[in-house]
Amino acid sequence: MIDRATEKDPSPNGPRAPGTLGDAVVRRADGAWWSRIVERYDRFFFDTVPVDGAVYFRAFLALWTVCYFVPRLPHLRELYAETALRVPHPWLAAVGGLPALPVWGVWVVVLVLLSCVAAFGAGFHARKVQLPIIVILAYLLGYDVANVRGYGQLAFYQWLIIYCLPYDRLRADDGNVIVAPRWGLRLATLLFSSVYLFSVLAKTIGGESRCSVSCSKR
Amino acid sequence: MSMASSSTPGPLRRHANYVILLFFCLHVGLVLRATVPLPGKVHGRWPWRMFEKRSTWERVLRATGIDANGGRVELPLHRIFGYARGTTRLFIYQQLEALNDANGAAGQAAFAAYLARRASELGLHVSSVELQWIATSLDDGHVEEHPIGTFSVGALP
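Protein chains in written order, with this note's numbering: chain U, 1 to 218; chain L, 1001 to 1157.
Calculated from the structure, these hints are not laboratory results. Take these hints with a grain of salt, some might be off.
Stated by the list, open to error - Computed beta-carbon distance windows for the label pairs:
| id | chain 1 | residue 1 | chain 2 | residue 2 | range |
| --- | --- | --- | --- | --- | --- |
| 1 | U | 173 | L | 1077 | 55 to 65 Å |
| 2 | U | 74 | L | 1031 | 35 to 45 Å |
| 3 | L | 1123 | U | 160 | 44 to 54 Å |
To be verified - The following residues of chain U were derived to be distant from chain L, with all beta-carbon distances above 12 Å:
| id | residue |
| --- | --- |
| 4 | 63 |
| 5 | 71 |
| 6 | 83 |
| 7 | 134 |
| 8 | 139 |
| 9 | 142 |
| 10 | 190 |
Every value quoted in this text rests on a predicted model; they were computed, and no experiment measured them. C-beta: ideal position from N, C-alpha, C; glycine also.
The shape of chain L in the complex, shown without the other chains (with noise of 0.2 Å):
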């Protein structure tokens, strides 16, 4: 709905115009930094990327508590954990790239040490956490464990 020509006043303009072309130098930089070859950490992937792939898995977290006489013990994470993006079930240890990668020991080590300390705030005292990812297959129902590790937590932070 335009209503008449710019009448920009000069010094305003000139920042906008600023402001415009660092507006669209971000966004070429964001396509070649995702598209073109670069070395290391420059190349990039796409912003925006959250349609980028469909997991055909859906997963579960299991941490199983284990006391000093060797008693197992399932934490209750949907007690622990109370916030759920929207009205899913997607829980903030969803996103933790620690569960993920294979190289985050130290994160997943402070996770389990999380977790035991949250269960004894709720009256369950473990010595050690195992962690476990839980998949099942959105096609055909199929399960398969993914161990992460298990964990010391003598020594709550």
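Here chain U stands alone, though its shape is the one from the complex (with noise of 0.2 Å):
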């Protein structure tokens, strides 16, 4: 059987060598397209590359996500403790919906997640602190999807890919950065890139034209 994954075409767009026809040719060939696709596929996401990206990545997304708090706490009440003002996440909405804190519980909820996002952001027990960061702000995104929405769900989304990203540590003891496997920050440079794919899509693929002008009165 012939190894595909190793077997290339000495010459890919020179003269076919001698003895080379016929099914054995077909074969050769689909082994080469193979291994190319795999090649790429593993420099893509496996290269490895330093982690100063990914540790960035930690410190940005936290000091995003307590920018986009801190002016929300004068109006946590408003916000995340009436019931009338509230759309439910649809899907949580169809099991009953999410609990409703009374204010105080939501003020104890936020400053425990910003506590454990400045935690994060300054890389103590970032791995640990994520969770309990992933869970409050499920909690806040499902309780009421209203006041979040673009760029604060992309941001929730982040939140779930940087765990794949090399965030713990900067430099080895040897005062080198460390180098890591690219997978977790190819993920997230394609999250971003999907936003604007989607974007497009939606507007031109039945975008201004399914709602007429009436409809966007109201």
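Each of the two chains sits in its own frame; use the hints to bring them together as a complex.
As structure tokens, this is what we get:
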């Protein structure tokens, strides 16, 4: 059996070597094609790169989240403690929705969140505090999707994706920046890209024309 | 800035492949959900559709309180609602689906009751609340009124 992962055509653009006609040629070409895909995939996701990008991502995502919640602190009652103003996530609404917390409970939740985010951004037990951060964000997002839109939702998904990034330490004991496979960073990049790709698709495939002027008035 | 070829250990790499596969499957699923005519709620809209349509109308909510004697007073929404999105005047009620849904009477009544309760904290005691959207065309300045309804708020929550 031909080893498709290792065999390569020695002269893919040159004249064919004698004795390479028939089924063997097809099988060898297939192998080269597949191995090229595997190689590209491998390089795209699993090449090792310095982790400074992941560490900066960790710090800036934490900073962004703090900047997102601090302006909301004076309005927590309005945003998270009034059932008349909430728009629960449709999936959670189908199973009864999340329980509403009293205002003091919302304060406790948000202060715990900000503390965990600060620890995460500083790299203090970052892996451990990420779980409570995701749980609290999931509660706040599920409780009311109306005040988390667009980039707020994107940030939530980034909190999931960032778990795949090697953000734990910037430097090794010898002082050099650590290198690690970049697949998590690639996923974060692809997530960013998909936002703009989907935005374009939503606008160009039945975008403006789908809603008449009258329906945008109410 | 590639430094070297992958040296990811087997188990970690296998898990990474699963996560990558899940990521791509989710995105393919989102595309199919938006493009294939699926039945009911299985069919969905595009994700990240914030630029899908550009409204040529700007609208504001007008809430009028009616007291027991029939007196009418406009409720001060700018004092009732504190949080606005960024530096805009998009208050939280702009995103309330019930106020945009003709069948959302329960949500509209709850919202009216909330307004009445907050208004009473500001010294305005009303027995019913009338809600309507005031839509202004950004193209020609034309103004239209779109009534939502009048809701009795005698029993505050």
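message = Checking each numbered hint in turn, tell me which of them this model violates, lowest number first.
response = 5, 6 and 10
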